[in-house]
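Order-wise, the sequence lines are chains A and B.
Sequence positions in the first sequence follow the UniProt record's numbering and run 1 to 269.
Sequence positions in the second sequence follow the UniProt record's numbering and run 1 to 269.
Some hints could be false.
Have a look at the derived ranges for each label pair, beta carbon to beta carbon [unchecked claim]:
id : chain 1 : residue 1 : chain 2 : residue 2 : range
1  : B       : 138       : A       : 118       : 39 to 47 Å
2  : B       : 78        : A       : 77        : 47 to 55 Å
3  : B       : 78        : A       : 120       : 50 to 58 Å
Just so you know, the hints here were simulated from the structure itself, not pulled from any lab data.
Note that the structure is predicted; figures quoted are calculated from it, not measured.
Note that beta-carbon positions come from the ideal geometry of N, C-alpha and C, so glycine has one too.
2 protein chains.
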Amino acid sequence: MIGVRKAFEEIHQYGVNISTHLFKQSDPKTFNTETKLILENNPEGVVLAPFFLRESKEFIEELMKRNIPYVFIDSNLNECCKLSFIGQNSFQSGTLAAKLLDYSVPAEASILILHFAKQLDNMNHLVQREKGFYEYFSKNRPESKRKLITREIADPTSEESQNVIKTLLQTNPEILGIFVTNSQVYYLANILEELNLTNIRVIGHDLINENISFLKKGIVDFLICQRPEEQGYNAIITLFEHLILKKEVKSENYTSIDIITKENVDYYK
Amino acid sequence: MIGVRKAFEEIHQYGVNISTHLFKQSDPKTFNTETKLILENNPEGVVLAPFFLRESKEFIEELMKRNIPYVFIDSNLNECCKLSFIGQNSFQSGTLAAKLLDYSVPAEASILILHFAKQLDNMNHLVQREKGFYEYFSKNRPESKRKLITREIADPTSEESQNVIKTLLQTNPEILGIFVTNSQVYYLANILEELNLTNIRVIGHDLINENISFLKKGIVDFLICQRPEEQGYNAIITLFEHLILKKEVKSENYTSIDIITKENVDYYK
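Please model the complete structure; the sequences and the hints are all you need to start from.
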């Protein structure tokens with residue numbers, strides 16, 4: 001929201017108003033409620049994180065009927081007539097995660113890919129990250145016998161799910177690397193800390209406080225990040241340039257794919 | 001220079017003039033020639049990369065006599081009364097390089113630290129990087145028997161030096177990781193390519209074209225970078241704020257320590 005506010009300060013003199021609507025990443029219903037409210041307000045343009053595939057498509061169809069331009073942030077849907085996408089290349093960030101774990105884990109060890117998500121097929125950017133991850137190994141290590149194991153865990157807060165993960169790790173001690181495909185890597189870090197499993201390399205996404213804390217403890221090794229304030233800022237400015245200045249805008253605007261470790265986190269801006 | 005030009009555009013309306021002086025990183029004499037010219041111009045403030053320790057100190061003494069404030073970029077000298085330092089924490093970037101090689105190279109392999117520099121003791125930031133590198137291992141791997149080997153090569157362009165490196169690598173096949181402490185890692189990459197040594201992990205500094213090319217080929221694995229245009233911009237603005245706006249400025253302003261690989265280089269801005 002810092003980037004959105006910064007953009008608003010620059011453009012509010014043009015009579016632009018911004019209203020913000022938040023949804024829960026764990027609940028597509030909250031997404032639906034907010035998109036209904038947005039449509040009632042009949043905005044001239046929309047910036048949208050198309051987090052849930054199905055619900056986003058319904059919303060987009062309605063925007064298109066009404067000729068309301070929309071900019072995607074965070075996650076990209078290729079099949080839609082968006083004005084622009086601003087965010088990370090999810091496939092490529094998956095490839096990077098694979099390289100870091102490939103380098104960090106002995107050649108004969110197994111690697112676990114963990115999705116903390118309900119209805120994974122509804123979450124395009126996580127699917128893209130997984131695809132990029134597998135692509136790295138099939139392209140760079142075609143001869144390797146390394147085992148890659150993928151698991152989906154709908155609710156990492158439940159005791160049942162946590163026990164599933166614990167059993168998985170205890171019965172497969174050859175798993176020495178874990179990639180969590182979203183920002184919820186701290187749930188896994190909690191389990192690793194509890195089990196005192198210190199020899200597993202862990203990589204996740206996003207610089208949220210819980211993750212930073214496990215990064216500094218050395219339980220999470222790498223976090224892949226982007227500069228979220230840049231995303232919000234660029235999305236609003238893109239919409240403004242299209243609607244008010246009638247300028248042509250870039251249809252894809254990829255943000256950086258940053259690697260954060262314990263050693264450089266304090267210098268990251 | 002992009003950052004310097006951007007800063008100049010913002011402040012030239014205040015009647016500020018900027019003159020730029022370049023020196024060769026391989027030749028302290030060119031540094032001396034330029035600092036003499038600068039002193040003849042008697043500027044109101046100086047932005048300076050104190051690349052050569054002795055020559056920088058002489059120059060600084062003269063600036064201090066004349067009460068001319070100066071801002072360091074790129075490399076820091078702790079003992080001087082600078083107005084501000086803007087750049088990377090060299091010690092910490094050395095620590096990060098050590099972590100990346102520690103993770104990428106088998107526990108029993110040796111690691112070579114290569115300085116491509118004449119008179120290393122005159123080059124503070126390379127010394128700091130090496131210190132940070134060793135500190136990582138002594139702190140995190142106190143029990144390890146891993147061998148760290150440091151070599152100084154005055155002139156990586158000479159055939160003699162290149163033969164020294166070739167012999168070193170061929171007689172020490174247990175060296176599976178190499179850290180080049182500055183931007184000249186491409187000289188090493190050339191040798192590795194020639195000898196077809198594909199199983200050595202290599203880390204260096206700075207996104208110059210020669211390095212990017214070897215990064216994309218997979219011969220250099222990691223480059224540690226900063227955003228140089230940010231440095232130039234911030235240095236000029238800092239001096240401006242001090243001299244013209246009479247504002248208090250921060251005495252240390254560390255830039256980010258970015259990790260660039262083949263996988264994220266195209267998204268780095």
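Quick rundown of the hints versus the structure:
{"no.": "1", "hint": "B/138 - A/118: 39 to 47 Å", "verdict": "holds, 46 Å"}
{"no.": "2", "hint": "B/78 - A/77: 47 to 55 Å", "verdict": "holds, 52 Å"}
{"no.": "3", "hint": "B/78 - A/120: 50 to 58 Å", "verdict": "holds, 52 Å"}
Checked against the numbered hints above, the structure breaks none of them.
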